[in-house]
Amino acid sequence: DAGITQSPRYKITETGRQVTLMCHQTWSHSYMFWYRQDLGHGLRLIYYSAAADITDKGEVPDGYVVSRSKTENFPLTLESATRSQTSVYFCASSESNRGGGYTFGSGTRLTVV
Amino acid sequence: AQSVAQPEDQVNVAEGNPLTVKCTYSVSGNPYLFWYVQYPNRGLQFLLKYITGDNLVKGSYGFEAEFNKSQTSFHLKKPSALVSDSALYFCAVRAPMNNNAGNMLTFGGGTRLMVKP
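Protein chains in written order, with the numbering used here: chain A, 1 to 113; chain B, 114 to 230.
No lab work stands behind these hints: they were computed from the structure. Treat the numbers as computed from the prediction; the structure is a model and nothing was measured. Keep in mind that the hints are not guaranteed to be accurate.
Which residues of chain B face chain A? A partial, calculated answer using Cβ under 7 Å [what the hints assert, rightly or not]:
1) P153
2) G156
3) L218
One-sided excerpt, in silico: chain B residues whose CB lies under 10 Å from chain A [to be verified]:
4) Y174
5) G175
6) A205
C-beta: ideal position from N, C-alpha, C; glycine also.
From just these sequences and the hints, can you work out the full model?
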């Protein structure tokens, strides 16, 4: 997964706290995405971004906030964490070329207690 | 709206035997199709893709997939399975639309492949 880095790798937080998951890519890909992976649900899109300062909701955006002030960074913030947000979070990036696939980060395992 | 179905939660195969992981899709227009693999505690890794051309696509680690437009399928295959192929496999589709939302991949629910020695 060289070129797209997620941090932290693991995070435990308490209910109600704000937590930010970081995603950084070095390819200058236009598109970036946040997914959560839960048993029985596969991958679900939270938010995506087509370019700096352009973001849009995915399938499950409630409780999350994103920003993209720079092309290379796409942080995901849980404003007030809930136990239902315990999950593995993956960031991905893609070129604007429609034939290109996604490149995924290694994921952040978040536990909300 | 586009969708992907992976009808099998798990596929079991003996090492050395051929394997097939099934995928069907629904999309408007000609699809772009992808397969990804996920090993434990790792992100998804790209295996192969179909954009246009030959219906049989070859990818990483000896995997291949066959695009069948009439059956709207894109099954993943390998002639001889290895124990190290055991992982979670995801099929994905992208519609050929030229807008922000159209660049999104829609993923299937995943199929766990178990290759036994």
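With a cut-off of 10 Å on the beta carbons, see whether A205 of chain B makes it to chain A.
holds (8 Å)
Measuring from the C-beta of G175 of chain B to each C-beta in chain A, is the shortest one below 10 Å?
violated (19 Å)
With a cut-off of 7 Å on the beta carbons, see whether G156 of chain B makes it to chain A.
Nearest chain A Cβ about 4 Å off; hint holds.
Should the interface hint for L218 of chain B be scored as holding, given a Cβ-Cβ cut-off of 7 Å against chain A?
holds (6 Å)
Taking the least C-beta to C-beta distance, is Y174 of chain B closer than 10 Å to chain A?
violated (16 Å)
Next item in the hint list is P153 of chain B. Is there a CB on chain A closer than 7 Å to its CB?
Not OK, violated: P153 of chain B not within 7 Å of chain A, min 11 Å.
Checked against the numbered hints listed earlier, the structure breaks hints 1, 4, 5; every other hint is satisfied.
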